[in-house]
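Enquirer: Sequence:
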Amino acid sequence: MPPTDISRAINDLLFTPDLDLAEAVDRHFAPDYRQRTNGVWSDRAGFVRHMTRLRALVRGGHIEVHEELRDGPGYADRHTVTVLRDNGRTSRTEVYLFARMAPDGRFLRVEETTLLVDGHPDDGSLATIT
Numbered sequence: 010m011p012p013t014d015i016s017r018a019i020n021d022l023l024f025t026p027d028l029d030l031a032e033a034v035d036r037h038f039a040p041d042y043r044q045r046t047n048g049v050w051s052d053r054a055g056f057v058r059h060m061t062r063l064r065a066l067v068r069g070g071h072i073e074v075h076e077e078l079r080d081g082p083g084y085a086d087r088h089t090v091t092v093l094r095d096n097g098r099t100s101r102t103e104v105y106l107f108a109r110m111a112p113d114g115r116f117l118r119v120e121e122t123t124l125l126v127d128g129h130p131d132d133g134s135l136a137t138i139t
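If you read the sequence shown in our numbering, its first letter stands for residue 10, the second for the next number, and so on.
Everything labelled a hint here was simulated from the structure, so no lab data went into it.
Note that the Cβ used here is the ideal one computed from N, Cα and C, for glycine as well.
Careful, some of the hints might be misleading.
Claimed, not checked - Simulated restraints, written as ranges between beta carbons of each label pair: (1) R36 to P130: 29 to 39 Å; (2) P82 to R53: 16 to 26 Å; (3) S16 to R53: 28 to 38 Å; (4) R64 to D41: 33 to 43 Å; (5) D35 to A65: 15 to 25 Å; (6) Y105 to P82: 16 to 26 Å; (7) H129 to P40: 14 to 24 Å; (8) G97 to P40: 36 to 46 Å; (9) R45 to N20: 20 to 30 Å; (10) L28 to G114: 29 to 39 Å; (11) R79 to D131: 27 to 37 Å; (12) P82 to W50: 31 to 41 Å; (13) H129 to P11: 33 to 43 Å.
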């Protein structure tokens, strides 16, 4: 499989509800995956719990990648995620992401900062991959 990217990962995780979550996570994230979002670290188990919660709240949306760079195992991007929630609210969040890729092309570590562009303040964490 070719190396993953944020667009494929977000689409599989949040916007393809008929894809099994465990399969989506395995497809894009290494077994020892770790993530820091807005200063808070989580391991893969915490990430899966968060994705389970998000899948229950998200009814649709899309991702727009503005910039994307690869340099060996390094990966960086700036993207905006638009999310339609189960309560009918829509939010847009801009994400600045730096990552390290595993040798097999999956995300090994992600460090990101998010900025809610439009929407209710409570919806700010919905667009991130954590």
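Enquirer: Hint by hint, say whether it matches the structure.
Expert: Structure-based check of each hint:
no.	hint	verdict
1	R36 to P130: 29 to 39 Å	32 Å, holds
2	P82 to R53: 16 to 26 Å	18 Å, holds
3	S16 to R53: 28 to 38 Å	21 Å, violated
4	R64 to D41: 33 to 43 Å	23 Å, violated
5	D35 to A65: 15 to 25 Å	20 Å, holds
6	Y105 to P82: 16 to 26 Å	19 Å, holds
7	H129 to P40: 14 to 24 Å	35 Å, violated
8	G97 to P40: 36 to 46 Å	37 Å, holds
9	R45 to N20: 20 to 30 Å	22 Å, holds
10	L28 to G114: 29 to 39 Å	18 Å, violated
11	R79 to D131: 27 to 37 Å	34 Å, holds
12	P82 to W50: 31 to 41 Å	20 Å, violated
13	H129 to P11: 33 to 43 Å	37 Å, holds
The structure fails to meet hints 3, 4, 7, 10, 12 from the earlier list, while all remaining hints are met.
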